[in-house]
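Novice: Sequence:
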Amino acid sequence: MITQHHPSANRPVDPLAEQTSRRWPLVRWFISSTTLNVPQAAGPVAFSLLALSITGDTSGGAAMILAMTLAQVIGAIPLTRIGRKLTSATGLRLLVTWRTLALSAIVLAAAYGAPFPWMIFFAALAGLVNGAAYGHLRSILNHFAPASKLPRALGIAATLNEMTFVLAPVAASGLGTISPVLALFALTIVGAIPALLVPNAAAAHITDAPQIPGSVVTGPIALWLACAIAGGAAVAAVEIGAVALAINFGYEPALAIMFTVPLCLSSVAGGIWISVRNRRTTHRTVVCYLAIMTLGAALAALDHSVSVTIIGTLLIGAVLAPLATHYSLTLDELAPPHRRPEVFALLRTANAVGVILASALLTVASLSVTLILVTALMLVVTVTIAAAAARN
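Per the UniProt record's numbering, the sequence shown starts with residue 1, numbered consecutively.
FYI, nobody ran anything at the bench for these hints, they're computed from the structure.
There is no bait here: all hints are sound.
Okay, derived cross-link-like pairs now, SDA-like style, lysine to any residue, Cα gap no bigger than 20 Å in a straight line: (1) Lys85 to Pro337; (2) Lys85 to Trp98; (3) Lys149 to Arg23; (4) Lys149 to Arg277; (5) Lys85 to His143; (6) Lys149 to Leu26; (7) Lys149 to Glu333; (8) Lys149 to Ala269; (9) Lys149 to Arg280; (10) Lys149 to Pro199; (11) Lys149 to Phe30; (12) Lys149 to Leu331; (13) Lys149 to Ile272; (14) Lys85 to Asn200; (15) Lys149 to Pro337; (16) Lys149 to Arg279; (17) Lys85 to Pro199; (18) Lys149 to Pro25; (19) Lys85 to Asn142; (20) Lys149 to Val276; (21) Lys149 to Thr330; (22) Lys85 to His338; (23) Lys149 to Leu334; (24) Lys85 to Thr97; (25) Lys149 to Thr282; (26) Lys149 to Trp24; (27) Lys149 to Leu329; (28) Lys149 to Leu160; (29) Lys149 to Asn278; (30) Lys149 to Thr281; (31) Lys149 to Arg28; (32) Lys85 to Pro336; (33) Lys149 to Val27; (34) Lys149 to Ser275; (35) Lys149 to Trp273; (36) Lys149 to Asp332.
Derived CB-CB ranges, DEER-like: (37) Ser179 to Ala389: 49 to 59 Å; (38) Lys85 to Pro146: 23 to 33 Å; (39) Val383 to Ile74: 26 to 36 Å; (40) Ala376 to His283: 19 to 29 Å.
These numbers were taken from a predicted model, which means no experiment stands behind them.
Virtual Cβ for every residue (Gly too), placed ideally from N, Cα, C.
Kindly generate the complete structure, drawing on both the sequences and the hints.
Specialist: Here is the structure:
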């Protein structure tokens with residue numbers, strides 16, 4: 001019997017092609033991670049411009065963002081649990097599709113002159129899936145980045161995320177000057193990219209392990225979520241209060257960028273540093289990071305001078321990516337494998353709760369009081385983590 005020899009059997013393997021084929025899913029994940037945040041990053045500017053064009057007041061834009069953020073908090077866990085019988089990639093595609101339809105409804109409502117409350121309603125529908133979508137996306141990363149390279153991957157993602165939050169508002173502002181509807185259409189299209197590009201991870205089934213009833217939030221998980229809330233509040237207090245800071249020091253409101261740009265640049269630098277370092281952070285180092293963020297918030301709360309306040313924002317931004325990376329890696333270990341999307345959704349929700357907390361404080365109290373309270377909250381979580389590290 002003569003066996004035919006296939007000509008490709010002895011074909012040499014191209015190492016470059018093989019390496020590229022392994023990296024391409026990770027590249028697709030990075031693109032998906034970056035574009036997933038575009039509606040949230042560009043939303044404040046795009047929604048404010050839309051509200052201004054329809055109602056003559058930008059406060060409607062704030063109402064849309066508030067509705068989107070509150071809906072995210074409400075929908076994070078229920079929507080993640082509903083998708084347990086799906087792979088994380090499928091769950092993410094469905095959630096992003098839902099958000100795209102809701103954002104498209106805002107575009108159509110604006111184009112055809114619908115009453116503004118409808119746009120607030122559709123913004124809430126769009127925000128409903130944000131936490132759950134992030135939970136699924138983060139759980140997918142484990143299938144394309146080995147544990148030894150997760151810190152680097154998360155650092156790169158954090159860097160790209162900060163760049164998104166810097167560039168997306170600028171793009172929305174530029175397109176919004178042409179037409180607010182055009183800006184909304186653009187963020188809708190870009191925000192839909194994860195549904196098309198997210199890599200498949202067949203093993204990423206949430207039902208692979210026996211289901212354990214009850215809450216996934218244990219004491220250690222709750223502690224790290226509290227840290228995320230405090231950090232989110234510290235960052236939001238500076239970003240939302242930047243205009244008030246500029247006015248307090250006698251500058252024009254437009255010069256609020258004196259505080260937001262250093263914050264963003266230092267956070268990008270922190271993301272690059274954690275990517276290059278590619279190491280897990282020790283508990284002692286995390287305590288130092290939290291202390292640095294507390295010091296930064298305290299310097300901003302002093303209201304001493306522009307230079308001191310800018311130094312405070314630089315300190316807050318510098319540790320933002322290292323802390324976010326540590327939270328993600330730690331929760332990855334603490335969460336049961338089949339409930340990781342749920343825990344990561346909670347992590348994203350914790351940041352949103354921090355933003356809501358800072359916004360609420362700024363609504364009912366002065367900027368200085370808000371910064372003092374946020375600093376106190378940071379101090380509490382820092383001392384708590386330090387005590388936990390000492391016990392271990």
